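Colleague: Okay, here's what each chain looks like letter by letter:
There are 2 protein chains.
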Amino acid sequence: MNNIHIILASASPRRRELMQQIGLDFEVKVSEVEERVTSTVPEEVVQELSRQKAEAVARLFLGREESKDNRLVLGADTIVACDGRILGKPRDAADAVRMLTMLSGRAHEVYTGVTFAYQDPVGDAIETHTFYECTKVHFASMTAEEIAEYVATGDPLDKAGAYGIQGFCARYITGIEGDYNNVVGLPVGRVYQELKKMRLE
Amino acid sequence: MNNIHIILASASPRRRELMQQIGLDFEVKVSEVEERVTSTVPEEVVQELSRQKAEAVARLFLGREESKDNRLVLGADTIVACDGRILGKPRDAADAVRMLTMLSGRAHEVYTGVTFAYQDPVGDAIETHTFYECTKVHFASMTAEEIAEYVATGDPLDKAGAYGIQGFCARYITGIEGDYNNVVGLPVGRVYQELKKMRLE
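Chains A and B are the protein sequences, given in the same order.
256 is the number of the first residue of the first sequence in this note's numbering; add one for each residue after it.
256 is the number of the first residue of the second sequence in this note's numbering; add one for each residue after it.
Worth flagging that the hints you see were computed from the coordinates, not collected in a lab.
Take the hints with a grain of salt, since some may be wrong.
Residues from chain B shown here face chain A by an in silico Cβ test under 7 Å; the list is partial [claimed, not checked]: (1) Gly419; (2) Arg426; (3) Thr429; (4) Gly430; (5) Glu432; (6) Asp434; (7) Tyr435; (8) Val443; (9) Gly444.
Since we're looking at a predicted model, the values are computed, not measured.
Virtual Cβ for every residue (Gly too), placed ideally from N, Cα, C.
The shape of chain A in the complex, shown without the other chains:
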């Protein structure tokens, strides 16, 4: 967006790459957040966490020197949900094997919550706009050997649900329903459309 300056409140290299891919100018600023989750409903969890991340960075950087600025903080959080259970990043290789065994041969959902935090154009308050996207992912059956081989690559260890759709694991993914980039970590189709609406308002 020409007249909005975006601050990405995420240290994730994958989110940074996606923002670059769709041609958005932004800078990265991250703040330590004590994550507090009050829900176990996946779409509520990711929206809460995205809001906490965006607000923490907005409190530090917005409305200080230049008040009424046109900066917008973007926070995001992604989780995997399978059978009503939420899968974050695996603790270790054994936990990654457990998660992949659960996902093998069936479908699960990936949720990403996104929050825009920005200064109220009239008052001084920080306003937020939060939304989420859900993508269904269909996995082929994996043998125990295939799971062990994939975990040995190291790729699962830093990823929610213990897999990266954009890597080696694509060989086990037969299809999805929804935004692919939402599974990578940021639904850039929806993000761009929401930014466009804000510019037009």
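Starting from the known structure of chain A, fit chain B onto it as the hints suggest.
Modeller: Frame of chain A, contents of chain B only:
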């Protein structure tokens, strides 16, 4: 696959990257083919063309020195279909604008046909195994300015349907149904599963 040596019969850098991404060993060999299409049905067109590409390379390279070899030639072809009309690569920038205007604000289908060509383990003939995948792609509405901006990047000019899902254009794609990599140019989930079946036979 451990015991199958793959020859990729495609000059596409995107297909090469996808094969590397899922960890398959392969080499690239391309042959000039006079493409002959007898159908206007999208899934038949891509299967015919993938078979012609695979067979042309198989005739050149299989069963020469080492007969009964374990090499397999993989040919692929991708097209975009919208309202029963087939979109290949645009002729020029104006043609890309025309295609993107057609795709804006609606869904279309992307078809990739894949053929494995290999030597009959008993006789000398070249056998083939052909399949296809279809992915539905949902585009947000694009303004004339947005279409012009995207065409000016040059990205649409070498791609069927005048867009690359893996680039800048992701900002206009709100979701898909099917294999994402099928839209990039090769349904690697299906390809891997078909290779696995061949190894087990």
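Colleague: For every hint, state whether the structure bears it out.
Modeller: A quick look at each hint next to the structure:
1. For glycine 419 of chain B, the shortest C-beta to C-beta distance to chain A is roughly 10 Å, which exceeds 7 Å, and the interface hint is violated.
2. The beta carbon of arginine 426 of chain B comes within 4 Å of a beta carbon in chain A, closer than 7 Å, and the hint placing it at the interface holds.
3. At a threshold of 7 Å, the smallest CB-CB gap from threonine 429 of chain B to chain A is about 5 Å, leaving the interface hint in force.
4. With 7 Å as the threshold, the beta carbon of glycine 430 of chain B comes within range of chain A, its nearest partner Cβ sitting at about 5 Å, so the hint holds.
5. Restraint check, glutamate 432 of chain B versus chain A: the minimum CB separation of about 5 Å is within 7 Å; hint holds.
6. Taking 7 Å as the C-beta contact cut-off toward chain A, the hint placing aspartate 434 of chain B at the interface holds, the least distance being around 5 Å.
7. Among the interface hints, the one on tyrosine 435 of chain B holds; its C-beta lies about 4 Å from the nearest C-beta in chain A, closer than the 7 Å criterion.
8. At about 5 Å, the closest approach between the beta carbon of valine 443 of chain B and any beta carbon in chain A falls short of 7 Å, and the interface hint on this residue holds.
9. Checking glycine 444 of chain B against chain A: minimum C-beta separation of about 5 Å stays under 7 Å; hint holds.
Checked against the numbered hints listed earlier, the structure breaks hint 1 alone; every other hint is satisfied.
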